[in-house]
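Enquirer: Chains D and F are the protein sequences, given in the same order. Everything in the first sequence is counted per the numbering used here, starting at 441 for the first residue and increasing by one. Everything in the second sequence is counted per the numbering used here, starting at 1162 for the first residue and increasing by one.
Treat the hints as calculated values from the structure; they're not laboratory data. The beta carbon of each residue, even a glycine, is placed where N, CA and C say it ideally should be. There's no promise every hint is true.
Calculated lysine-lysine pairs in the DSBU-like style (CA-CA distance at most 35 Å, straight line) [stated by the list, open to error]:
(1) F:1170 to D:644
(2) D:603 to D:533
(3) F:1326 to D:443
(4) D:533 to D:448
(5) D:444 to F:1326
(6) F:1326 to D:448
(7) F:1386 to D:525
(8) F:1170 to D:567
(9) D:448 to D:644
(10) F:1326 to F:1339
(11) D:567 to D:657
(12) F:1326 to F:1170
(13) D:444 to D:567
(14) D:644 to D:657
(15) F:1386 to D:601
(16) D:539 to D:444
(17) D:525 to D:502
(18) D:539 to D:603
(19) D:603 to F:1386
(20) D:525 to D:539
(21) D:539 to D:601
(22) D:539 to D:448
(23) D:533 to D:488
(24) D:488 to D:525
(25) D:644 to D:444
(26) D:502 to D:488
(27) D:644 to F:1326
Chain D residues, not near chain F, derived (Cβ > 12 Å throughout) [what the hints assert, rightly or not]:
(28) 495
(29) 507
(30) 525
(31) 553
(32) 558
(33) 569
(34) 570
(35) 616
(36) 657
(37) 666
(38) 671
(39) 676
(40) 698
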Amino acid sequence: MIKKAIVKIVSLISILIVLSFFVFALLYLAPGDPAEKRLTSQGVAVTKEVLDAERERLGLLKPFLVRYGEWLVRVIRGDFGVSFKDDMPVAPKLYAGLKNTTILAMTSLLLSLAISFWLSILSAIRKNGIADNIIRLFSFIGNSLPNFLISVLLMYFLCIKIKLFPVIAKGNVQGLFMPVMSLSIPMTCRFIRQMRTEFLTQMKADYVVGMWGRGVKGRYIVINILRNSIGHIFTIIALQIGTLMGGSVVIETIFRWPGIGKLVMDSITARDYPVIMGFVIIMGTIYVVINQLSDILSHCMDPRTNL
Amino acid sequence: MKHGTRREKRLRNRIIATAVLALLIILATTFAGILAPNDPYATSASSIRMAPGAQYPFGTDNLGRCVFSRVLYGGRTTIAATFLLVFISFLIGTVIGMLCGYYGGILDTVLMRLADIMLAFPQMVVAIAVAGILNAGMTGAMVALGITMWVSFARLARSHTFSIKNEAYIQAAFFAGKSDFYIIMVHIFPNLLAPVLTNALTQIGTTMIGLSGLSFLGLGVVPPKAEWGSMISEGRAYIQIAPWAVLFPALATIITIIIFNYLGDAVMDYMEV
Chain D
441 MIKKAIVKIV SLISILIVLS FFVFALLYLA PGDPAEKRLT SQGVAVTKEV
491 LDAERERLGL LKPFLVRYGE WLVRVIRGDF GVSFKDDMPV APKLYAGLKN
541 TTILAMTSLL LSLAISFWLS ILSAIRKNGI ADNIIRLFSF IGNSLPNFLI
591 SVLLMYFLCI KIKLFPVIAK GNVQGLFMPV MSLSIPMTCR FIRQMRTEFL
641 TQMKADYVVG MWGRGVKGRY IVINILRNSI GHIFTIIALQ IGTLMGGSVV
691 IETIFRWPGI GKLVMDSITA RDYPVIMGFV IIMGTIYVVI NQLSDILSHC
741 MDPRTNL
Chain F
1162 MKHGTRREKR LRNRIIATAV LALLIILATT FAGILAPNDP YATSASSIRM
1212 APGAQYPFGT DNLGRCVFSR VLYGGRTTIA ATFLLVFISF LIGTVIGMLC
1262 GYYGGILDTV LMRLADIMLA FPQMVVAIAV AGILNAGMTG AMVALGITMW
1312 VSFARLARSH TFSIKNEAYI QAAFFAGKSD FYIIMVHIFP NLLAPVLTNA
1362 LTQIGTTMIG LSGLSFLGLG VVPPKAEWGS MISEGRAYIQ IAPWAVLFPA
1412 LATIITIIIF NYLGDAVMDY MEV
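If we strip away everything but chain D, and leave its shape as in the complex, we get (with noise of 0.2 Å):
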């Protein structure tokens, strides 16, 4: 167990470490050199002159692999540099937005699951009757809706035809209402169709069906189903924790919720690419540590599946 995770956390290293490594690069596949990008985005003339100053300031004379190891030991020690746009460090404002994205995403994600987890108990339970029926169309159709849709939908409906809430959230609840909304339908209805997956393939196997036999009640198979569902539901969780966060950058932006992921549509924008990069190493840091926890926690669950 122990040999495993450890093999888990070099696993993990090395995936940041490539993440680390692709964010680096973007940067150089992008037209133009970064002296200038920087420049242009702070509206100077470009000069060779000033280019060539600004390159020897910037360290771009040095080889590629020196100045991104450079550039990892700062990242490694939360300096993720100075905006191209006002100069300031980039860290704080990337912090800042991380947690109004961070109670974003945990409603939304707690929404969900608390609607999701009964849903799918009772649409697993009576396979193929009415509520089960009803409950897989509305997950069907809720899957394939992108969010940006169902954000611009509520808008409509909810804000110009009834008028319940404002069009611009503010940092209240009742600002946070609409976007939450948002992220937790489509999320929901994943989760909905994931776990019943999940549920009626407990519930064929022969232990259920042997209590079913030996005449135990209900409510006991139901407790016993989800004891050894809970593996699998974390995975389903960790892995829709990505979706989230590519789904809170559109929301954030239609509803200007000030998260992370309205910062990164700002800075597109304006070029301002240590931002940028500052947001995609965050963001797959926090992604890729949560799918590898959850991998540890399932196995510590349920001991059957493989870390």
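Given chain D, put chain F in place with the hints provided.
Expert: Structure of chain F alone, referenced to chain D:
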């Protein structure tokens, strides 16, 4: 297959009905040039934000462009880009998967490690950053999504190649002196086509959501080119005055994605029976 059970027959009918609908959408957008009543790019100052009527079935947008024509042309952009992207990922993924599965060894280890790492990244986060930095319109968006898309095809093709490789007919072909290329193309590829194509079909809906999402954020098509995601994004600004400029492209997106997802699910069920 001749003596299909009732369930199989029902599934087959479902697939045929959905496939016909999907084909209708593809045809309608392919022949947008013939079907569209107006020029999707012609602006007109005299017919700004007109409600749906005889001349403009879906109304007009902020610049007086026909929404119906734009929905048809926009569908062509979205659907063509989706199919192209799925096809390219299918091609790259399947070739890599077959080579890894057939030869194994160091090539297999390196490429599958790479695939694992690709799967470890949050797809949409990477796509947004790549599309944003490349700033290359729809091509940029396609590259951004394609970076992680080939992986599922490669893994599927690899695992099927592994199991097919040990069949007696492959051994027979090998001892008959056929080249590796011949064996892969004639004996392996046709046998893994069905599961890999099913995977391609289920990817269409997700890809469409991804591409129109990037366009909505302004990271996909370059305006004024019509695309559903960017039409919704543009129309959002004046949704109070002209809701039809948002609702019709939204409806088109929802219907198209639902049909393709349903088709994917039905085919998947059919393969499992």
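Enquirer: Checked against the structure, which of the hints given earlier come out wrong?
Expert: Structure breaks hint 13 only.
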